[in-house]
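Asks: What follows is the residue order along each chain.
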Amino acid sequence: MDHLVTSGAWGLALLQALLYAALGPLLVGWIRKVKAVLQNRRGASVLQPYRDLRKLLMKEARVAHTASPLFRAAPYVVFGATWLAAATVPLVAVDLPTAAIADIIALVGLLALARFFLALAGMDVGTAFGGMGASREMLVSALAEPAMLMAVFTLAMTAHSTNLATVVDYHLTGSIVLRPSFLFAFAGLILVAIAETGRIPVDNPATHLELTMIHEAMLLEYSGRHLALMEWAAQIKLVLYGALIANVFFPWGIARSLWPSAVAVGLVAIVLKLLTLGAALAVAETVLAKMRLFRAPAFLNLALLMSLLGLLSHVILGVRA
Amino acid sequence: MSYDGMALLQQFLLVLAALVLFSAFSLLAQARLVSAIHAFAWQGALVAGVTTVIAVAGRLPHLYFSAALTLALKALLIPWILHRLVRRLELDRHVESLWRPALTIMAAVALVIFSYWLVLPIVEQELTFTRNIVAISLAVVLIGLLMMVMRQQAVIQVLGFMSMENGLFLAAVSATAGMPLVVELGVAFDVLVAMVLFGMFFFQIRESIDSLDVDRLNRLTESRGDGE
Chain A
1 MDHLVTSGAW GLALLQALLY AALGPLLVGW IRKVKAVLQN RRGASVLQPY
51 RDLRKLLMKE ARVAHTASPL FRAAPYVVFG ATWLAAATVP LVAVDLPTAA
101 IADIIALVGL LALARFFLAL AGMDVGTAFG GMGASREMLV SALAEPAMLM
151 AVFTLAMTAH STNLATVVDY HLTGSIVLRP SFLFAFAGLI LVAIAETGRI
201 PVDNPATHLE LTMIHEAMLL EYSGRHLALM EWAAQIKLVL YGALIANVFF
251 PWGIARSLWP SAVAVGLVAI VLKLLTLGAA LAVAETVLAK MRLFRAPAFL
301 NLALLMSLLG LLSHVILGVR A
Chain B
322 MSYDGMALLQ QFLLVLAALV LFSAFSLLAQ ARLVSAIHAF AWQGALVAGV
372 TTVIAVAGRL PHLYFSAALT LALKALLIPW ILHRLVRRLE LDRHVESLWR
422 PALTIMAAVA LVIFSYWLVL PIVEQELTFT RNIVAISLAV VLIGLLMMVM
472 RQQAVIQVLG FMSMENGLFL AAVSATAGMP LVVELGVAFD VLVAMVLFGM
522 FFFQIRESID SLDVDRLNRL TESRGDGE
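Chains A and B, in that order, are what the protein sequence lines are.
The first sequence begins at 1 in our numbering and counts up one residue at a time.
The second sequence begins at 322 in our numbering and counts up one residue at a time.
One should not assume that every hint holds.
To be verified - Footprint (simulated), chain B over chain A, 3 or more residues, beta carbon under 8 Å:
1. 179-189
2. 294-305
3. 309-317
If you're looking for bench data, these hints aren't it; they were derived computationally from the structure.
Backbone N, C-alpha and C define an ideal beta-carbon position, used for all residues, glycine too.
Full structure from sequences and hints, please.
Replies: Written out as structure tokens, the structure reads:
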């Protein structure tokens with residue numbers, strides 16, 4: 001019996017990881033669709049990113065003459081690290097064995113690994129754009145990472161654990177509490193997520209304009225299945241941040257047992273939450289204009305300040321209340 | 322006792338207090354004069370909110386009066402006077418960016434930690450729920466002081482001074498459930514009179530050095546010293 005439960009849990013964990021990969025293009029398609037509607041366009045179908053991925057996967061991959069083996073390996077490393085990181089974030093159910101593999105700090109580390117290889121691949125071929133994009137990506141991530149860690153520490157100090165499943169569980173078991181530290185951590189984490197996934201005030205995912213692009217500049221030399229894997233990894237990363245924000249700050253609905261009915265409720269809940277977050281992101285991207293690159297440090301400073309204030313208000317206003 | 326044991330009203334109070342701290346930070350970092358005045362008005366409104374919640378939670382009816390006074394004076398009247406002054410001085414579009422924003426913000430964070438460390442013995446002595454806000458009010462006072470040190474523009478320095486007064490008021494409300502009414506009225510009128518005097522000073526400074534950049538006041542004496 002025990003053996004059965006464990007294998008069932010592992011199966012569900014595997015399914016959840018597959019769900020991340022499957023939901024990624026859908027979320028991006030949904031955001032594009034909402035943005036198009038907001039801008040009075042009809043927009044492509046929500047399924048368009050799937051078609052793009054399929055087209056890219058079927059095409060032949062061309063590699064520059066100057067490329068080293070690292071250039072060919074990077075897409076697999078980036079995709080693998082991002083997917084593994086995503087697998088550790090509770091999406092549908094809380095008590096999965098994958099959550100025990102990595103805590104939040106390991107999650108940040110896995111994302112950093114993916115980013116490191118992305119930047120290396122950008123510089124590998126030796127084009128000007130690749131190096132520029134890599135340096136910009138490193139600028140943004142060097143400032144975003146401390147802010148993310150601070151926000152994460154605020155969560156971990158409240159729940160007395162750095163394990164994501166425990167954090168989510170802690171919020172579900174406790175009564176509904178208004179915490180000032182969480183408001184700040186939430187704001188900080190949203191700013192970090194926008195910067196890390198390359199959305200509008202920091203980077204524009206829709207253009208290839210040489211003066212502004214960050215993420216796209218590193219992918220310019222890729223084609224075929226390599227490009228497909230890189231783009232897919234970026235989409236999974238978006239779902240990862242969405243699930244992290246949705247499930248940590250609004251955990252209601254997530255499955256706490258492995259009964260099929262609970263899992264179904266969890267699935268519906270997370271899809272609704274991601275759709276809401278995606279629509280909010282689309283509205284924000286329509287309202288806001290992209291910042292100059294040199295304004296990005298100020299933006300990330302604000303994120304760091306938010307996370308720091310969250311940590312401080314947890315210490316000052318929380319412990320001996 | 323952790324959050325879970327507290328009533329919703331007290332949690333709301335803590336959120337408001339944390340927002341007061343955030344408003345102090347945003348006041349410190351504002352580059353535009355008009356947005357700084359708006360941030361100050363928000364801070365006044367938040368302090369009034371904290372006072373109201375303490376009045377409701379602690380059943381202290383005289384605090385309602387303090388809250389109304391704070392709201393009228395610090396969230397409406399003084400910002401309005403400042404707005405008018407700024408418009409008459411033609412500074413509406415004045416932008417003065419902070420010197421090394423990241424460093425200044427980190428200094429303010431250090432001040433928050435320092436004031437927490439300072440208040441810790443008081444907090445440990447008594448366990449009323451408002452005691453935690455004392456650290457925040459002290460931090461608001463220190464950040465106002467930092468603002469007066471870091472900024473060169475006279476109007477923003479006055480905002481720093483007023484935000485210090487906000488912090489002191491918050492400390493009085495949270496530590497001792499408010500001052501006697503006579504004292505409070507006296508302080509309120511002092512602040513108002515100070516505001517009027519500051520307004521006159523702005524015009525004087527501007528007439529004599531043709532700017533509100535206070536650093537230029539030093540240069541005048543230096544140039545006279547050079548001439549001798």
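Asks: The structure should be examined with respect to each hint, and the outcome stated for every one.
Replies: Against the structure, the hints come out as follows:
Counting residues of the segment 179-189 of chain A whose C-beta sits closer than 8 Å to any C-beta of chain B gives 5, which meets the bar of three, so the coverage hint holds. For a cut-off of 8 Å, the count of residues in the segment 294-305 of chain A with a CB near a CB of chain B stands at 4, and the three-residue condition holds. Counting residues of the segment 309-317 of chain A whose beta carbon lies closer than 8 Å to any beta carbon of chain B gives 6, which reaches the threshold of three, so the coverage claim holds.
Against the hints set out earlier in the document, no violation occurs for any number.
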